[in-house]
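With the hints as your guide, set chain B onto chain A.
Chains as they are written, first to last, in the numbering used here: chain A, 1 to 376; chain B, 1 to 89.
Keep in mind that the hints are not guaranteed to be accurate.
[Said to hold, decoys possible] Using C-beta positions, here's what the derived DEER-type ranges look like:
id: 1; chain 1: B; residue 1: 84; chain 2: A; residue 2: 315; range: 32 to 42 Å
id: 2; chain 1: B; residue 1: 84; chain 2: A; residue 2: 158; range: 52 to 62 Å
id: 3; chain 1: A; residue 1: 185; chain 2: B; residue 2: 10; range: 43 to 53 Å
id: 4; chain 1: B; residue 1: 60; chain 2: A; residue 2: 49; range: 24 to 34 Å
id: 5; chain 1: A; residue 1: 251; chain 2: B; residue 2: 23; range: 15 to 25 Å
id: 6; chain 1: B; residue 1: 87; chain 2: A; residue 2: 102; range: 28 to 38 Å
id: 7; chain 1: B; residue 1: 60; chain 2: A; residue 2: 83; range: 44 to 54 Å
id: 8; chain 1: B; residue 1: 58; chain 2: A; residue 2: 244; range: 42 to 52 Å
id: 9; chain 1: B; residue 1: 17; chain 2: A; residue 2: 49; range: 14 to 24 Å
id: 10; chain 1: A; residue 1: 182; chain 2: B; residue 2: 17; range: 37 to 47 Å
id: 11; chain 1: A; residue 1: 281; chain 2: B; residue 2: 58; range: 33 to 43 Å
id: 12; chain 1: A; residue 1: 28; chain 2: B; residue 2: 16; range: 55 to 65 Å
id: 13; chain 1: A; residue 1: 57; chain 2: B; residue 2: 23; range: 18 to 28 Å
No lab work stands behind these hints: they were computed from the structure.
Backbone N, C-alpha and C fix where the C-beta goes; we use that ideal spot for every residue, glycine too.
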Amino acid sequence: MRFVDEYRDAETARALAARISALCEPGRRYTFMEVCGGHTHTIYQHGIEDYLPEQITLVHGPGCPVCVIPMGRVDDAIHLARQPDVLMTSFGDMMRVPGGDGSFFDSNAEGTDIRMVYSPLDALNLARANPDRQVVFMAIGFETTAPSTAMTLLRAAAEDLRNFSVFCNHVTIVPAIKAILDSPDLRLDGFLGPGHVSTVIGCRPYEFIAREYGKPVVVAGFEPLDILESIHRLMLQLREGRAEVENQYARVVPWDGNPVALRAIGETMRLRPHFEWRGLGFISHSALRLREEYARFDAEERFEVPGVRVADPKACQCGEVLKGVLKPWECKVFGTACTPETPIGTCMVSPEGACAAYYNFGRFTRTRVREAVAGR
Amino acid sequence: MCLAIPGEVVEVGVGRPELARVEVSGVRRTVNVGLLAVPPAPGDWVLIHVGFALSVVDEAEARATLALLEELGQAYEDELAALAGSRID
Chain A
1 MRFVDEYRDA
11 ETARALAARI
21 SALCEPGRRY
31 TFMEVCGGHT
41 HTIYQHGIED
51 YLPEQITLVH
61 GPGCPVCVIP
71 MGRVDDAIHL
81 ARQPDVLMTS
91 FGDMMRVPGG
101 DGSFFDSNAE
111 GTDIRMVYSP
121 LDALNLARAN
131 PDRQVVFMAI
141 GFETTAPSTA
151 MTLLRAAAED
161 LRNFSVFCNH
171 VTIVPAIKAI
181 LDSPDLRLDG
191 FLGPGHVSTV
201 IGCRPYEFIA
211 REYGKPVVVA
221 GFEPLDILES
231 IHRLMLQLRE
241 GRAEVENQYA
251 RVVPWDGNPV
261 ALRAIGETMR
271 LRPHFEWRGL
281 GFISHSALRL
291 REEYARFDAE
301 ERFEVPGVRV
311 ADPKACQCGE
321 VLKGVLKPWE
331 CKVFGTACTP
341 ETPIGTCMVS
351 PEGACAAYYN
361 FGRFTRTRVR
371 EAVAGR
Chain B
1 MCLAIPGEVV
11 EVGVGRPELA
21 RVEVSGVRRT
31 VNVGLLAVPP
41 APGDWVLIHV
51 GFALSVVDEA
61 EARATLALLE
71 ELGQAYEDEL
81 AALAGSRID
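Isolated chain B, as found in the complex:
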């Protein structure tokens, strides 16, 4: 649960203004972006923690974080599986 996973914003305002579609490791998920002071735009990268975008990061940071997470192996896969099983609306 302590992981923050990077995802690329694909679409904002999905149903409600604070929801966005984000692509995480090739899968599109809905996440809540209501904690960001400035709403993200498509193409922005965000760090996602328990279904909420915590911060906007640049692409270099996002890719470095992804590489670090991929090295975690099982813990990262578990987190992705949990995210995939989550329904945020």
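This is chain A alone, in the form it adopts within the complex:
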């Protein structure tokens, strides 16, 4: 287990925590946003907040692809699934997301054929195997996932498949971060930059955060020590009056990202003028759709898409959670009406959602880690 211990060693964690504490200026509070749902998961599962001084607060960002899909897009997908001969596909995480009129599972109970796939390539296989059906892949995800959809489209074009299309809901992380920075609701001191997204887009797209907003950004790995080290780097920058983009996860994230993946996205997709995000509203140039050259694979061109807009249920405060304004447990329905078994909001559906992560781990770790540390 040597490999794991390098990233987990409790002594190292405590030493880092002490250095973070030493950097805190008296009377000052620090609020950092971890953009990525994977980081949220690590933070709750390992009780990272228990290692941090009270002055430091971590808030959870919009980096959960299932969570940011507005209910109207679920309804649009169900509308597509109801068209003659359509076989709709999407990732498993989407199946339980409630739309304005129920989830994909509910819709299937009423006769649609919406299937979960692991990869867009599985959807392509379904199209090959079912020439008499129109196979639609509901694509969701940030820049981590968009290259896979792009490669699948390139493959579909090479094979000239006539019964495959993509209902594209890919979103881009940087405009969402900018929307949060421009929002008056929240004052942030810095960001933990997303890990997997950055393997694709690299670190340069975050430079405006440092340059124009004067906030430090540290692209972070997913291990507990990665998170602590990244917070330490943020604190060092603040103490020294710097605002820069640093790459703590350089063992996986290249500074310039993945050129092959970026080329595949650029070849098949273009920016939408605007796109609605759950909780954040409409954000300019924040999502992708297919280029005109790929219009024959664009479900929004091939079928009528009603463009349904549905307000979130009144009780649901996912929007505030996604913006980092509310902690999951501060939502009125958290853990009572809204649980992973019967989710009301998207943040409780996806394992990367802040609410699901906190529901599954957070309630236990805070005290458990405190006791464990005290007991040593």
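The following block gives chain B in isolation, referenced to the frame of chain A:
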């Protein structure tokens, strides 16, 4: 779907040049390595996301990631089951 799972490349060029056989938690699967700027070699570790290798990582990183995933429990098992049910060719 947001998980990136480490796997060890066993064989490259399976049918098509961009496909590789990768061992993930003891099971061999075909994945697409067409997003990697440099094709991987047998023995390399890759992070796999929705059927595509996203990046090459060293063994230490791969094992640490596996340990983290195993602690997820159900979410990781669901992802492995989905990968097992997937046919990439």
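Is the gap between the beta carbons of residue 57 of chain A and residue 23 of chain B within 18 to 28 Å?
42 Å, violated
Holds or violated: 32 to 42 Å for the Cβ distance of residue 84 of chain B and residue 315 of chain A?
38 Å, holds
Do the beta carbons of residue 251 of chain A and residue 23 of chain B sit within 15 to 25 Å of each other?
Holds, since residue 251 of chain A and residue 23 of chain B (Cβ atoms, about 21 Å apart) stay within the stated range.
Is the distance from the Cβ of residue 60 of chain B to the Cβ of residue 83 of chain A consistent with 44 to 54 Å?
Cβ of residue 60 of chain B to Cβ of residue 83 of chain A: about 49 Å, so the range 44 to 54 Å holds.
A range of 52 to 62 Å was offered for this pair. Does it hold for the Cβ distance of residue 84 of chain B and residue 158 of chain A?
Since residue 84 of chain B and residue 158 of chain A have Cβ atoms about 27 Å apart, the given range 52 to 62 Å is violated.
Given a hint of 42 to 52 Å, does the C-beta separation of residue 58 of chain B and residue 244 of chain A actually sit inside it?
26 Å, violated
Is the hinted range of 37 to 47 Å satisfied by the C-beta distance from residue 182 of chain A to residue 17 of chain B?
Given about 45 Å between the Cβ atoms, the range holds.
Range agreement (Cβ of residue 10 of chain B with Cβ of residue 185 of chain A, hint 43 to 53 Å):
50 Å, holds
Between the beta carbons of residue 28 of chain A and residue 16 of chain B, is the distance compatible with 55 to 65 Å?
57 Å, holds
Hint check for residue 58 of chain B and residue 281 of chain A - Cβ pair distance inside 33 to 43 Å:
42 Å, holds
With 28 to 38 Å as the target window, see if residue 87 of chain B and residue 102 of chain A comply at their CB atoms.
With Cβ atoms ~30 Å apart, the hint holds.
Falls inside 14 to 24 Å, the C-beta gap from residue 17 of chain B to residue 49 of chain A?
At roughly 47 Å between Cβ atoms, residue 49 of chain A and residue 17 of chain B fall outside 14 to 24 Å, so the hint is violated.
Checked against the numbered hints given earlier, this structure breaks hints 2, 8, 9, 13; the rest are met.
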